[in-house]
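Novice: Protein chains in written order, with the working numbering: chain Y, 1033 to 1627; chain E, 30 to 296.
Among the hints, a few may not be true.
Unchecked claim - Pairwise CB distance ranges, derived in the manner of DEER restraints: (1) E:Ala293 <-> Y:Gln1527: 33 to 41 Å; (2) Y:Trp1560 <-> E:Thr53: 28 to 36 Å; (3) E:Ala65 <-> Y:Trp1091: 51 to 59 Å; (4) Y:Met1299 <-> E:Thr53: 45 to 53 Å.
Just so you know, these hints were derived from the structure itself, not from any lab. Computed from a predicted structure; not experimentally measured. Even glycine gets a Cβ: it sits at the ideal position worked out from N, Cα and C.
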Amino acid sequence: MHDMSAHAHATHQAPTSFIRKHVFSLDHKVIGKQYYGMALAAVIIGMFLSWLMRIHLGWTNFAIPGLHILSANGAPGNVMTPEYYLQLMTMHATIMVFFVLTTAPFAAFGNYFLPIQVGAEDMPFPHFNMMSFWVTFVGFLVLVSSFFVSDGPTLGGWTQYAPLSAVGSVGGPGQGLGVVLWAASIAIFCVGQLLGSLNFITTTLDMRTKGMSMWRLPLSAWAWFITSVMGLTAFAVLMPACILLILDHVAGTSFFVPSNLVINDQMQPHAGGSTLLWQHLFWFFGHPEVYIAIVPGMGIVSHVLITNLRRPMLSHRVLIYSMGALAVLSYMVYGHHMFVSGMNPVSSLAFSFPTLVITIPSTIVVLIWLGSLYGSKMRINTASLFALGFISMFISGGVSGFFLAQPSIDIMLHATYFVVGHFHMVMGVAAMFGIFAGTYFWFPKMYGRMMNETLGKTHFWLTFVGAYCIFMPFHYLGIAGNVRRYQAFVDDYLQPLIPVHRFITVAAVATGAVQLIFLFNLFYSRFWGEPAPDNPWQGTSLEWSTPTTPPPHNNFGDHLPVVYHDPYQYGVESSTGDYVMQTSPEQVNNGHDEA
Amino acid sequence: MGKFFAVTIVVIAILSAIPIVRHTWEAPADVSAHGALIDEQMSETMAEAGLSFLASQFLLGWFIWRYSAFKPGDKIKSFPGGAKTMVWAAFLLVGTECLALGVFGVKAWASVYLTPPAADAMTMQVQAGQFAFYFRYPGPDGKLGPIHANLINEANQNFYGLDQDHDTDSKDDIVTAEMAIPVNREVHLLMHSKDVGHSFYVPALRVHQDFVPGLDVSLHFTATKVGRYEIVCTQLCGLGHYNMKAYLSVLSPQDFDDWIKKQAALQ
């Protein structure tokens, strides 16, 4: 690893035409904003789907006004059919996991800020970078198109377990073309993300400016780098798995379907496949995927938090090692999704140990954050509130993982709402809080305007309390044995739990409505927000030293910056106050440079 | 606002813990021979997880309360022991906790999945298919006849594809839509799926096992209390997944004999 002074630039001229500036742009900043816009559209759709699901779960025979317009087959007389519930559920999860949680914290903020934080003009492969967005966007369109085919989208869950996913339309509505579109969309998504990972990795390793050693990279940059390595290896497995699934549909193969299956009294024309094979391939991707969803959030939160604590992180390097350990361990734990799957029960024990061990780096990360709060001068603003809220949510979500890591307890909790509560806490809430923290923090740099603090704080308070009201009860439901992926609760032992579901539904719709405050703030501030200074938070990293706000086309103007310090030199005595920027040649008292 | 946030975190943490401590929502009472180990594992995990949850949320709240109220002249302080304390704490506390639970949990898991069924266990079979469970008992000859997938015909109620005209072992097999077992007798349940993935979950019996199309799996367990319990499917299997259930009756040995005779007469 070496840092660069005069090196091969990824130079491309500033665009002049509208298409080149705003549509097919090579500029990482525009690409980052495009990803953010796509994620925003996706999350609105995903959240709307969750409202439909939650209303149906609370009041199963309720006629939701207008639902038949969305699907005449799926909601005759506006009452959701069982299959339509599963179809909405599948699309909700697929849209959220892939097109929100993998794009916003990683592809959106990472594309915008990684090149700037390393001190580069752009990423080394701008054409691949442009393609990565547009390919991902095409994947999104392919997925959404499945709403409009005659049988509707697939109903098999975002996990698409075989053989239900592979036998075709005989398995149920949406299991023919719906599955093919799902698999094609995800395979296309994987290509987009591989192109993105390529850029992130090479940017981090080869494009750092003079003085920017790896250890001097901010934690957000490290998080994006680690995530992109995970992405490369995880998506590279999911893509062929999706292709094999498509082949089972269109080419008469039987990768995932054994012989002698009988559906609707008809022998299915398949032989030789393995249903467990799909699960192994899927979860080998699937577990790293959830760390791909959370690690960028950890990086963003660390970055936002430390700027608002006005002191160095308790240990910059321990956080980096911990995020790296999470990434490595994430490949060894995937079988915890398969404890009762029918795989060898000794394998279940084998997978449970690394799953328990992964608690250690997760705990170290939380303890480092907590330890950094100690003795700090904590600023409370919307960004820091969401960063602190992330810590609370991550603790809550992480603690429930402790149960699910043990096969003996998984006997009771597998496929119940306990699992759904766990992953919503960490992904649906904590990761979202990371996105919010990043938005409120970096919006001034991206648009030259501040977001409204009153609206921001209101958004935070209502979302924080609302999210706990929604997702904490999921755990109680799971403990009581409430099975997941049910469109209605007909079993005797589930009847007493229906009032809990209704409470959750009210909380979910209310908290969802609160997000309108955020949307309004986003759009209002974009055009009419208070003009922002270049460094509104007195930050130290390179994004705060761009010559203009928003940054110019090549990020740093005529000269690439030279770096003299570690990031996060806060709590020092310098000419600027209690911080020294990475680009400042000033030597300071009480400096904490480790590198 | 920092203090308000601190109070909110602590209040939320306490409110979250209340239903757990009060056992407001619980798994159905255990009626299995092996379930005590699982329940013990669950209680210990809940205690340790619960304490970790409360301690860390309280610590977060306390630090926010204390350090958001800084005065301009305050000096930055470092946590005593620095990052090393945190790393040691993580390894020691969490590491030993995890390993302890993991090691003790092996026993609970092994008692279900890594021990063979008793030699005198009652063997029976369950077949899962969209969207019902069907059970098969071997009848007086003690043998389950072969399954011919090409003969499966739900319309004619030949759920298992039995050829009772030609397979002698099938002639006395008893196929039912409800499951019944004698109390305090180990059952060896052979499991297979007719079509897609399903799962067999009886919360009261502390058993959970996926059906794997193409694979024969099995479970063994002993019910210790007479009663009627629900079997539910937990592996998404299609539009009828929510409704795929069956009843399990645990009967006294005499009642079970009567039941089996009655079912045999209905074949």
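Novice: State for each hint whether it applies.
Specialist: These are the hints, each one checked on the structure:
{"no.": "1", "hint": "E:Ala293 <-> Y:Gln1527: 33 to 41 Å", "result": "holds, 34 Å"}
{"no.": "2", "hint": "Y:Trp1560 <-> E:Thr53: 28 to 36 Å", "result": "violated, 48 Å"}
{"no.": "3", "hint": "E:Ala65 <-> Y:Trp1091: 51 to 59 Å", "result": "violated, 39 Å"}
{"no.": "4", "hint": "Y:Met1299 <-> E:Thr53: 45 to 53 Å", "result": "holds, 49 Å"}
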